[in-house]
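Protein chains in written order, with this note's numbering: chain A, 48 to 295; chain B, 77 to 364.
It is worth saying that the hints were derived from the structure and are not from the lab.
Heads up, the beta-carbon is just placed ideally off N, CA and C, and yes, glycines get one too.
Some hints here could point you the wrong way.
Claimed, not checked - Selected chain A positions facing chain B (Cβ under 8 Å, derived; list incomplete):
#1 Phe61
#2 Arg127
#3 Ile131
#4 Ala135
#5 Asn137
#6 Pro140
#7 His141
#8 Leu145
#9 Lys172
Said to hold, decoys possible - Computed footprint of chain A on chain B; a stretch qualifies when at least three of its residues, placed anywhere within it, have a C-beta under 8 Å from a C-beta of chain A:
#10 220-231
#11 279-287
To be verified - The calculated SDA-like cross-link candidates involving lysine to any residue, where the alpha carbons are at most 25 Å apart (straight line), are:
#12 B:Lys276 to A:Leu286
#13 B:Lys276 to A:Gly189
#14 B:Lys276 to A:Glu101
#15 B:Lys299 to B:Val341
#16 B:Lys276 to A:Leu170
#17 B:Lys276 to A:Ala135
#18 B:Lys276 to A:Asp123
#19 B:Lys276 to A:Leu145
#20 B:Lys276 to A:His158
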Amino acid sequence: MTVVLECTGVVKRFGEETVLRGIDLEVVEHQVVALIGASGSGKSTLLRCVNLLEQVDDGVIRLDGEDITDPRVDVDRVRRRIGIVFQAYNLFPHMSVLDNVTLAPRVVHGHGREEAEQQARALLKRVGLADKAGEYPDRLSGGQQQRAAIVRALAYDPRLLLLDEVTSALDPELVGEVLALVRDLKGQGMTILMATHEMGFARQVADQVVFLDDGRLLEQGPPEQVFGQPHEPRTRQFLARVTDAGRL
Amino acid sequence: MTVPAEVAPVVSDVQRDREAYRRHQARRSTGIASASTVVFLVVATVAIISSPGWPRVRESFLNVEIARDSFGPVLEGLWLNVRVLVGCAILVVLLGVLVASARTLRGAVFFPVRLLATVYTDLFRGLPLIIVLYLVGFGLPGLRLQGVPTSPVLLGTIALVLTYTAYVAEVFRAGIESVHPSQRAAARSLGLTHGQTMRKVVLPQAVRRVLPPLLNDFVALQKDVGLISLLGAIDAVRAAQIESARAFNFTPYVVAGLLFIALAVPSARLADYVATRANRRQQAGGLV
Numbered sequence: 048m049t050v051v052l053e054c055t056g057v058v059k060r061f062g063e064e065t066v067l068r069g070i071d072l073e074v075v076e077h078q079v080v081a082l083i084g085a086s087g088s089g090k091s092t093l094l095r096c097v098n099l100l101e102q103v104d105d106g107v108i109r110l111d112g113e114d115i116t117d118p119r120v121d122v123d124r125v126r127r128r129i130g131i132v133f134q135a136y137n138l139f140p141h142m143s144v145l146d147n148v149t150l151a152p153r154v155v156h157g158h159g160r161e162e163a164e165q166q167a168r169a170l171l172k173r174v175g176l177a178d179k180a181g182e183y184p185d186r187l188s189g190g191q192q193q194r195a196a197i198v199r200a201l202a203y204d205p206r207l208l209l210l211d212e213v214t215s216a217l218d219p220e221l222v223g224e225v226l227a228l229v230r231d232l233k234g235q236g237m238t239i240l241m242a243t244h245e246m247g248f249a250r251q252v253a254d255q256v257v258f259l260d261d262g263r264l265l266e267q268g269p270p271e272q273v274f275g276q277p278h279e280p281r282t283r284q285f286l287a288r289v290t291d292a293g294r295l
Numbered sequence: 077m078t079v080p081a082e083v084a085p086v087v088s089d090v091q092r093d094r095e096a097y098r099r100h101q102a103r104r105s106t107g108i109a110s111a112s113t114v115v116f117l118v119v120a121t122v123a124i125i126s127s128p129g130w131p132r133v134r135e136s137f138l139n140v141e142i143a144r145d146s147f148g149p150v151l152e153g154l155w156l157n158v159r160v161l162v163g164c165a166i167l168v169v170l171l172g173v174l175v176a177s178a179r180t181l182r183g184a185v186f187f188p189v190r191l192l193a194t195v196y197t198d199l200f201r202g203l204p205l206i207i208v209l210y211l212v213g214f215g216l217p218g219l220r221l222q223g224v225p226t227s228p229v230l231l232g233t234i235a236l237v238l239t240y241t242a243y244v245a246e247v248f249r250a251g252i253e254s255v256h257p258s259q260r261a262a263a264r265s266l267g268l269t270h271g272q273t274m275r276k277v278v279l280p281q282a283v284r285r286v287l288p289p290l291l292n293d294f295v296a297l298q299k300d301v302g303l304i305s306l307l308g309a310i311d312a313v314r315a316a317q318i319e320s321a322r323a324f325n326f327t328p329y330v331v332a333g334l335l336f337i338a339l340a341v342p343s344a345r346l347a348d349y350v351a352t353r354a355n356r357r358q359q360a361g362g363l364v
């Protein structure tokens with residue numbers, strides 16, 4: 048079992064407020080790890096720390112054994128090995144879907160336009176967006192935009208894929224198409240760390256479920272255990288609230 | 077399958093009544109507006125023409141013969157203005173982007189660059205253009221340094237570029253800061269460097285947003301190029317001055333003024349058009 052991502056004692060503060068209070072976490076190759084927890088529990092912040100969009104205030108994050116929180120590390124080189132998909136898609140509105148997807152391969156990885164576009168079209172076809180390659184993002188539905196954003200993150204073959212509540216901004220009837228894509232990626236052996244509110248989905252797809260509460264990692268285990276027999280009262284409380292809201 | 081025949085829309089009596097009322101109101105306001113415009117123009121014309129000094133003013137400002145004679149030299153001068161305008165506009169846009177980018181750099185390392193850019197914009201937005209013209213036009217060659225240009229056209233261009241770059245840099249900066257941070261985060265997360273993010277993601281969106289105010293500055297620059305005459309360059313204003321001294325009459329200035337207006341009108345209409353289009357795009361919720 049190769050460990051792709053290893054967080055040890057990760058702390059993050061925003062001014063006076065401590066958002067992460069020492070997180071220890073491992074993501075093993077080809078596994079899907081789901082971060083669950085209430086809004087503000089630190090799920091998104093942890094993902095942003097892993098992608099070096101935020102600087103940690105303590106602790107170490109290792110990617111394939113390399114300490115990426117070392118200030119001497121070239122952040123751009125680290126980010127080339129990590130793909131991230133945001134809740135609000137964050138596609139570039141002034142570029143076509145195809146240009147969105149080929150931007151990193153062309154500009155960062157030095158691929159020729161033809162090669163990059165060929166690969167991008169193949170990926171877009173796989174997610175059912177072959178006919179949308181030339182469209183601008185605002186002409187696409189939310190589900191289509193999010194699938195395009197996932198393809199954009201996949202275009203340079205990342206070692207680790209981070210998904211930050213990728214279905215939270217979608218209309219309920221569009222959630223399914225994005226989740227199906229994530230399930231496909233797991234089938235292809237992608238290593239994924241995802242923050243999610245979709246408990247049913249986490250239960251089906253995740254190998255490990257991690258419950259965050261107020262910046263602490265309270266409980267971790269296979270989904271049957273975390274959802275079936277949670278040890279912590281806080282986890283039980285959270286799951287009960289989610290069940291009441293009809294999300295499980 | 078047969079296509080169902082187009083059914084004529086049935087308009088209710090209430091709607092017909094509403095439409096009739098709106099048509100009546102529209103006719104009424106058009107009528108009032110036209111009538112008041114005509115009345116104003118007639119009163120203003122009569123007031124001016126019946127004023128005691130009118131014959132003198134007409135003779136010294138609106139002399140058709142002198143206008144015809146001075147038209148050629150003034151137009152030739154205007155050609156110099158147009159060339160200076162084009163040169164200035166290109167330099168201002170390039171330098172404006174550079175200064176704006178410098179002002180938006182983050183991190184302690186870039187503090188000196190940021191400070192320099194901030195001091196520059198503060199200084200040249202505060203200094204009246206005419207003072208910059210004098211300082212550059214007469215001060216710079218006064219240093220008698222090797223390689224410093226002495227041509228008034230070149231010195232005038234430098235002064236205009238210095239002042240306008242400060243304005244335009246601020247317009248660009250506003251545009252850069254209006255691009256949502258999540259766009260920057262998305263680009264950086266793909267592994268793009270800061271420079272690549274600016275070039276490929278931030279600036280293209282920023283420029284689109286600030287095009288209307290940029291064109292507005294262009295229209296202002298269009299008339300300010302006439303100020304290089306202060307340094308002795310023979311542009312439209314200077315040519316008008318020469319003609320005016322020769323004929324002992326102010327008409328050449330009016331000719332130059334009309335030519336500047338003719339130059340500005342297309343740019344102003346273009347600016348309006350671009351602004352309207354940008355508004356419409358925003359209302360549609362899209363960007364492209």
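Hints and how they fare:
Interface hint status for Phe61 (chain A): violated, as the beta-carbon distance to the closest one in chain B is roughly 14 Å, over 8 Å. Because the beta carbon of Arg127 (chain A) sits about 4 Å from the nearest beta carbon in chain B, less than 8 Å, this interface hint is met. For Ile131 (chain A), the interface hint holds, since its Cβ comes within 8 Å of a Cβ in chain B; the closest pair sits about 5 Å apart. Interface hint status for Ala135 (chain A): upheld, as the beta-carbon distance to the closest one in chain B is roughly 6 Å, under 8 Å.
Because the smallest distance between the Cβ of Asn137 (chain A) and any Cβ of chain B comes to about 4 Å, under 8 Å, the interface hint for this residue holds. Annotation: interface hint on Pro140 (chain A) holds; nearest CB of chain B at approximately 4 Å, less than 8 Å. The restraint placing His141 (chain A) at the interface with chain B holds, with a minimum CB-CB distance near 5 Å, inside the 8 Å limit. At a threshold of 8 Å, the smallest CB-CB gap from Leu145 (chain A) to chain B is about 14 Å, leaving the interface hint violated.
Hint status for Lys172 (chain A): violated, given a least beta-carbon distance of 21 Å to chain B, over 8 Å. Counting residues of the region 220-231 of chain B whose CB falls under 8 Å from any CB of chain A gives 0; the rule of at least 3 is not met. Taking a C-beta to C-beta cut-off of 8 Å, the region 279-287 of chain B contributes 3 residues in contact with chain A, enough for the three needed, and the coverage statement holds. At most 25 Å may separate the alpha-carbon atoms for a hinted pair to count; Lys276 (chain B) and Leu286 (chain A) exceed this at roughly 43 Å.
For the hint linking Lys276 (chain B) to Gly189 (chain A), the alpha-carbon distance of about 24 Å falls within 25 Å, and the restraint holds. Annotation: proposed proximity of Lys276 (chain B) to Glu101 (chain A) holds, straight-line Cα distance about 22 Å (limit 25 Å). Distance restraint check for Lys299 (chain B) and Val341 (chain B): the Cα-Cα separation of roughly 11 Å lies within the 25 Å cut-off, and the hinted pair is therefore satisfied. Restraint check for Lys276 (chain B) and Leu170 (chain A): satisfied, since their Cα atoms lie roughly 22 Å apart, inside the 25 Å limit.
For the suggested pair Lys276 (chain B) and Ala135 (chain A), the alpha carbons sit about 20 Å apart, so the restraint of at most 25 Å is met. Under the criterion of a C-alpha separation no larger than 25 Å, the hint pairing Lys276 (chain B) with Asp123 (chain A) is consistent with the structure, at around 16 Å. In summary, the hint linking Lys276 (chain B) to Leu145 (chain A) is supported, as the alpha carbons are separated by about 14 Å, within the 25 Å threshold. For a cut-off of 25 Å, the pair hint linking Lys276 (chain B) to His158 (chain A) stands: about 16 Å separates their Cα positions.
In the structure shown, a violation is registered for the earlier hints numbered 1, 8, 9, 10, 12, in ascending order.
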